[in-house]
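Given next are the chains, with one letter for each unit.
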Amino acid sequence: MKHFSSYIPKYFSLVTGKAEGNTKLTAFDNALLSANVGDYNIVKVSSIIPPGCVFMSDYKIEPGSIVYCAYGFIICNLPGEIISSAVAVGVSNDYELESGLIMEYSSKCIKTVSEEKVKSMVVEGMTYRKKDIKDILFTSSEHEVKKIGAVFSGVLLWG
Amino acid sequence: MKHFSSYIPKYFSLVTGKAEGNTKLTAFDNALLSANVGDYNIVKVSSIIPPGCVFMSDYKIEPGSIVYCAYGFIICNLPGEIISSAVAVGVSNDYELESGLIMEYSSKCIKTVSEEKVKSMVVEGMTYRKKDIKDILFTSSEHEVKKIGAVFSGVLLWG
Amino acid sequence: MKHFSSYIPKYFSLVTGKAEGNTKLTAFDNALLSANVGDYNIVKVSSIIPPGCVFMSDYKIEPGSIVYCAYGFIICNLPGEIISSAVAVGVSNDYELESGLIMEYSSKCIKTVSEEKVKSMVVEGMTYRKKDIKDILFTSSEHEVKKIGAVFSGVLLWG
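Protein chains in written order, with our numbering: chain A, 1 to 159; chain B, 1001 to 1159; chain C, 2001 to 2159.
Some hints here could point you the wrong way.
[What the hints assert, rightly or not] Below 25 Å or equal to it, Euclidean Cα-Cα: the simulated BS3-like pairs (lysine-lysine) are:
1) B:Lys1147 with C:Lys2108
2) C:Lys2119 with C:Lys2044
3) B:Lys1147 with A:Lys60
Since the hints were derived computationally from the structure, they do not count as laboratory data.
Just chain A, with the same shape it has in the complex (with noise of 0.2 Å):
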């Protein structure tokens, strides 16, 4: 059988943001901006870091452009609430040849909480998978809701 010449994501980088706005939408999307992921056509992605994929601390990809990404988010109108959201990524010893793992979870909840979640949740993945965890990378972000508040964590996958 041919094989299958698909796109496979040469780097990844976290993002993570907060923000407020007028609406549910107007809140995300500022809340994307506050992650600087504002000016891409961001595509949900489920959730793996390809064979060889590299850790970028930073990133430079032109406005516009379609962009994979696994995320948690949550938006909540409720004054005074603390929400949170956090991405994880599970690295294997032999990252050169296995997948890693990407996890995200969001909830009222301190980020602390989020991030321990999210920590649990590759542990649990990657032990599934039996690989085992070289590390463990992670972001978060967490919001005290003033009107209409968002929070958004992500893991970008491009190049």
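Once you've looked at the hints, dock chains B and C against the given chain A.
Structure of chains B and C alone, referenced to chain A:
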């Protein structure tokens, strides 16, 4: 850092439609057909007009293509209910160099309400981004549910 | 008008799986693994078989690839509950020239119910499109929830 040669759509087109169906998914599918996008594999994106991306009132895309689309929709099974959806595009004064912004909205309301809502969301988003608005393009649909109804409004990003 | 040289998948394959997890997302992830799609970056599409797209019972796609998939799923945390998901593909009589149609369904029911449901949705959709059905392909999964369970059924579009 090497620049990412990403996919950036060249054209955008506004689409909208409404329909009935025997189930929620077939009502949605029929609304896609009514909007003239029923023969595409639509991928949801959030929600940017790339710099220099050109508005086209018409489009010719081959059936079965993967097509990116920012959209809003609502499916409703309450006979007699009025539902509507709308999308609006904020075109920047400097649209050759600056991104535009897409907002979408849907609710149990008449379409002029959905239109006003998305337009105000575009204004909020463009103001937040400190961009002057040259023009706002929009489209919408309204439907009175008979059995199970759906409305759909979107911005195709293609070419 | 210049024709858009878009991406049109060449092959489609049916996939389905079920699993338990400690959280909703890990249950879903484990169901993807059970369906042999756990190592891909899955992008949700709605829901067309391109003209001439060929059914393949097997596929070989590199880990970490972006893969388009029309799918249905359900995640449930009620021990003892029966959950199921199904997808069906309506293949047109003139499938070299005409698109086929994908429908997906999931609910708290046994899988024969989900199968009948998606098949009737395919019939409705193809009838609405005035296309004769040559064949309906389908797959499904059923699961009795222990702690947190998930089922997933999809149509991969690839190649």
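- Kindly indicate which numbered hints from before are broken by the structure, ordering the numbers from low to high. Of the numbered hints given earlier, the structure breaks just one, which is hint 3.
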